[in-house]
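Peer 1: Let's have the full structure, built from the sequences with the hints guiding it.
In my numbering, the protein residues as written are 15 to 144.
Calculated from the structure, these hints are not laboratory results.
A quick note: this is a predicted structure, and the numbers were derived from the prediction, not measured.
Every residue, glycine too, gets a C-beta built ideally from N, C-alpha and C.
Treat the hints loosely; a few may be bogus.
[Claimed, not checked] Within a straight-line C-alpha distance of at most 27 Å, the following computed DSS-like cross-link-like pairs (lysine-lysine) qualify:
#	residue 1	residue 2
1	Lys78	Lys58
2	Lys128	Lys58
3	Lys78	Lys41
[Said to hold, decoys possible] Computed beta-carbon distance windows for the label pairs:
#	residue 1	residue 2	range
4	Gly125	Glu102	29 to 39 Å
5	Gly124	Ser88	31 to 41 Å
6	Lys41	Tyr90	37 to 47 Å
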Amino acid sequence: LLFLSLHLLQTPLIAMGDRRLIETTCKATPSYNLCMSTLLTNPKSSSGDISDLGLIMVGATKAKATRAIQQIKSIYKSRPELRHALNECAQMYVAVVRADVPSAIQALDGGQPKFAEDGMADTAVEAQAC
Numbered sequence: 015l016l017f018l019s020l021h022l023l024q025t026p027l028i029a030m031g032d033r034r035l036i037e038t039t040c041k042a043t044p045s046y047n048l049c050m051s052t053l054l055t056n057p058k059s060s061s062g063d064i065s066d067l068g069l070i071m072v073g074a075t076k077a078k079a080t081r082a083i084q085q086i087k088s089i090y091k092s093r094p095e096l097r098h099a100l101n102e103c104a105q106m107y108v109a110v111v112r113a114d115v116p117s118a119i120q121a122l123d124g125g126q127p128k129f130a131e132d133g134m135a136d137t138a139v140e141a142q143a144c
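Peer 2: Written out as structure tokens, the structure is:
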């Protein structure tokens, strides 16, 4: 999902808010099915432009990162021997939620998709590091 957000942000801005825009956008991502299911389950995607689709994907990225943090906390309690590695992973996902996602949202809201792309690139790096 993190890489998917990055690819969505690289798509040229088009003010066409219908299923064709979603399909075209998702075809440009590494995971068409995940992209389609994420966007089609959000009612805002049917009336949005490419920036709106980017915001939806950034929101989905935040939700996934938040769930990852919760899972890390759960594992932490049952597997104390993994404490060091889990702490490092948690820090990575906290950075996604507190820094990268807000930066990407601000950039998209401000009409600066390149900065949003950079934020999502950071998100992908942090997820891979974990």
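Peer 1: If a hint holds in the structure, say so; if it doesn't, say that too.
Peer 2: Hint check results:
1. Lys78 - Lys58: With a Cα-Cα distance of about 19 Å, the restraint between Lys78 and Lys58 holds, given a limit of 27 Å.
2. Lys128 - Lys58: holds (22 Å)
3. Lys78 - Lys41: holds (22 Å)
4. Gly125 - Glu102: 29 to 39 Å: holds (35 Å)
5. Gly124 - Ser88: 31 to 41 Å: Given about 36 Å between the Cβ atoms, the range holds.
6. Lys41 - Tyr90: 37 to 47 Å: holds (39 Å)
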